[in-house]
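Protein chains: 2
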Amino acid sequence: MGGDHGPSVTLPACRAFLAAHPAAELILVGRAEVLAEAALWPRCRVVTASEVVEMDDPIEVALRRKKDSSLRVAVTQVKADANGVSQAQACVSAGNTGALMAVSRYVLKTLEGIDRPAIATVMPNERDGFTTVLDLGANVDCTAEHLLQFAVMGSALVAAIAGKEDPSVGLLNIGEEAIKGSETIKQAAELLRAAAASGHLNFHGNVEGNDIFKGTTDIVVCDGFVGNVALKTSEGLASMLSKFVKQEFTRSIFTKLAALMALPVLKALQARVDHRRYNGAALLGLRGLVFKSHGSADAFAFEQALNRAYDAARNGLLDRVHDRILDTLAAMPAAPKPADSIAADVA
Amino acid sequence: MGGDHGPSVTLPACRAFLAAHPAAELILVGRAEVLAEAALWPRCRVVTASEVVEMDDPIEVALRRKKDSSLRVAVTQVKADANGVSQAQACVSAGNTGALMAVSRYVLKTLEGIDRPAIATVMPNERDGFTTVLDLGANVDCTAEHLLQFAVMGSALVAAIAGKEDPSVGLLNIGEEAIKGSETIKQAAELLRAAAASGHLNFHGNVEGNDIFKGTTDIVVCDGFVGNVALKTSEGLASMLSKFVKQEFTRSIFTKLAALMALPVLKALQARVDHRRYNGAALLGLRGLVFKSHGSADAFAFEQALNRAYDAARNGLLDRVHDRILDTLAAMPAAPKPADSIAADVA
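Residue numbers (my numbering), protein chains in the order written: chain A, 1 to 347; chain B, 1 to 347.
In isolation and in its complexed conformation, chain A is listed as follows (with noise of 0.2 Å):
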């Protein structure tokens, strides 16, 4: 029911999924009469909510008054019930991002090793391959724990969606104009070499913001403020440069003329970097799998966001998390507990 175009986007997304995957099967979350039809679709069962988060619903009302809203009830059917049992491998969303967030927080908890989720998303890169970069903005404030297991979970996902075992992982930091790096980037830059060295972790090293494009790692581990600045910096540069192209190339007649000579190229150019391709960002770290499509996204870029979810589950994503995580854990030098570094101070 969610995002800004609703079931006209997502219906269509999910029959063209159905098409593509004759293994799938969908349960579709929302208002009866909206889902009527495709109730009637092969493979495909309908669940009931009488209630919409709307996108602009602060998170209080999607976590404590809705409480049948889509959003939520969809969100349930990834829990495990007592024996271990979901309704759904993974949920989609093209909702409110701090709403979905939150009531996934809520209704699933994390997994044990986890303090908080995280949302990754991908990014095109120059090797024609993606960068995987979270946080992208549930977390500000990070410690360079949550940073470690951000790194861990992210490693998780690209070996689940990419079938990378052993993808490399980059901490983003700043250039040569740092006077100094942050504390809790160097802290965390140690834990993650420390990682490394028992094999749990294939950590290449600090990358500046550049390198998500050249896609230097496979990852680009960063607290949620630095990765939302940085997602959001590319959308305004890229909508800004496609807008620049367009009034280049419609000025005048010669222009327009060129543009028509040019087509199949910028058609090519277009397809190369379609951020579309990409939607679907996971949200990490809880005990179920939950996906969120951009609000804005089309039924092609959110049939993509269906991909990326079916092929999470079907790759043991959520097993993957909970194993690499306790596995890291369990090989990390015990860290010192606050207490401690509270008496070494006053001492």
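Derived by calculation from the structure, the hints in this document are not laboratory data. Be aware that a few hints might be false.
Looking from chain A toward chain B, a few residues come up when the C-beta cut is under 8 Å (computed) [said to hold, decoys possible]:
hint : residue
1    : Phe225
2    : Met240
3    : Phe249
Taking lysine-lysine pairs in the DSBU-like style, the calculated list, with each CA pair at most 35 Å apart, reads [what the hints assert, rightly or not]:
hint : chain 1 : residue 1 : chain 2 : residue 2
4    : A       : Lys186    : B       : Lys109
5    : A       : Lys214    : B       : Lys214
6    : B       : Lys243    : A       : Lys214
7    : A       : Lys186    : A       : Lys109
8    : A       : Lys243    : B       : Lys246
9    : B       : Lys214    : A       : Lys243
10   : A       : Lys186    : B       : Lys67
11   : B       : Lys246    : B       : Lys267
12   : A       : Lys214    : B       : Lys246
13   : B       : Lys243    : A       : Lys243
Ideal Cβ placement from N, Cα and C applies to all residues, glycine included.
Chain A is fixed; fit chain B onto it per the hints.
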């Protein structure tokens, strides 16, 4: 002497700058043998310095060992003597950023009311203007007070260089993906609102990464870590897109023909987003004007940095920053001292 290309770039830029500005005078600082020819130019004087700070020299080397470096001697030219007189009104360097900031801070000291100098640069925006962003990496772990100082210094910079006396300021924050904003940002927003209420700042409110390129505000304020990541990420995306454009247009004889047809449009596009036009970051908050050219600048780009420094000096940037910061701080409600907060917490 600095930058990736040294005098082979800076000397032609200086010559062009002198030709374009009949009232300007230059002091060139560096090795005598390199500057012998330039010493004969009109309105040009040479001050020799026997050492050069290399691009990869640690800050300590620039600060403690190479005391006769061209970088240090150049910065010293803008330092006021006991009578308030300096040899130069602005200093421009393409050298090592960390070294330039450290040496400038050591030689010039910060202005009254400024805790930390900041680095400000401009980025192009959709409105065909530019957005001034600071800090770009001089400061990580900023407090709310630092962000306020950046806002005031940025306002002085835009007033001096763009002639806009009341430029709008946005505080870089994260969007709907945020479960909550960071505490520092919230406090900074309060300080900025207070400064706006007393008429000392044109505070627009929070902005997101994409607003930099939308041109929502004249100035975007953020801590150095975030600013550096935003800048480097943008550079990375621009570089990737530029490579993709080249690759697609050179793929076959047909696409090469299309490129030929589209050449005037591609050239217009390139000129419109040419980052060389925006070269010349300001080191703000020091008792002297220092501008940093990109290390990889060519002669055209370095000349823009000279132009920027010249405009800043002509339009009294130093006094503007000094006056604005003292006026703003005088009008601010007294902040609780850290000791008070601790007492309150304990109570």
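We went through each hint and held it up to the structure:
1. Satisfaction of the interface hint for A/Phe225 is found here, the shortest Cβ-Cβ separation to chain B being roughly 6 Å, below the 8 Å cut-off.
2. Among the interface hints, the one on A/Met240 holds; its C-beta lies about 4 Å from the nearest C-beta in chain B, closer than the 8 Å criterion.
3. Nearest Cβ of chain B to the Cβ of A/Phe249: about 6 Å, under the 8 Å cut. The hint holds.
4. Pair hint A/Lys186 plus B/Lys109 holds up; C-alpha atoms about 28 Å apart against a cutoff of 35 Å.
5. Taken as a hint, the A/Lys214 and B/Lys214 pair is honoured in the structure, with Cα atoms around 24 Å apart against an allowance of 35 Å.
6. For a cut-off of 35 Å, the pair hint linking B/Lys243 to A/Lys214 stands: about 11 Å separates their Cα positions.
7. Pair hint A/Lys186 plus A/Lys109 holds up; C-alpha atoms about 30 Å apart against a cutoff of 35 Å.
8. In summary, the hint linking A/Lys243 to B/Lys246 is supported, as the alpha carbons are separated by about 19 Å, within the 35 Å threshold.
9. Proposed proximity of B/Lys214 and A/Lys243 is supported: the alpha carbons are some 11 Å apart, at most 35 Å.
10. Of the pairs offered as hints, the one joining A/Lys186 and B/Lys67 holds, with about 30 Å between alpha carbons and a cut-off of 35 Å not exceeded.
11. For the suggested pair B/Lys246 and B/Lys267, the alpha carbons sit about 13 Å apart, so the restraint of at most 35 Å is met.
12. Restraint check for A/Lys214 and B/Lys246: the C-alpha separation of about 16 Å stays at or below 35 Å, so the hint holds.
13. Under the criterion of a C-alpha separation no larger than 35 Å, the hint pairing B/Lys243 with A/Lys243 is consistent with the structure, at around 19 Å.
Checked against the numbered hints listed earlier, the structure breaks none of them; every hint is satisfied.
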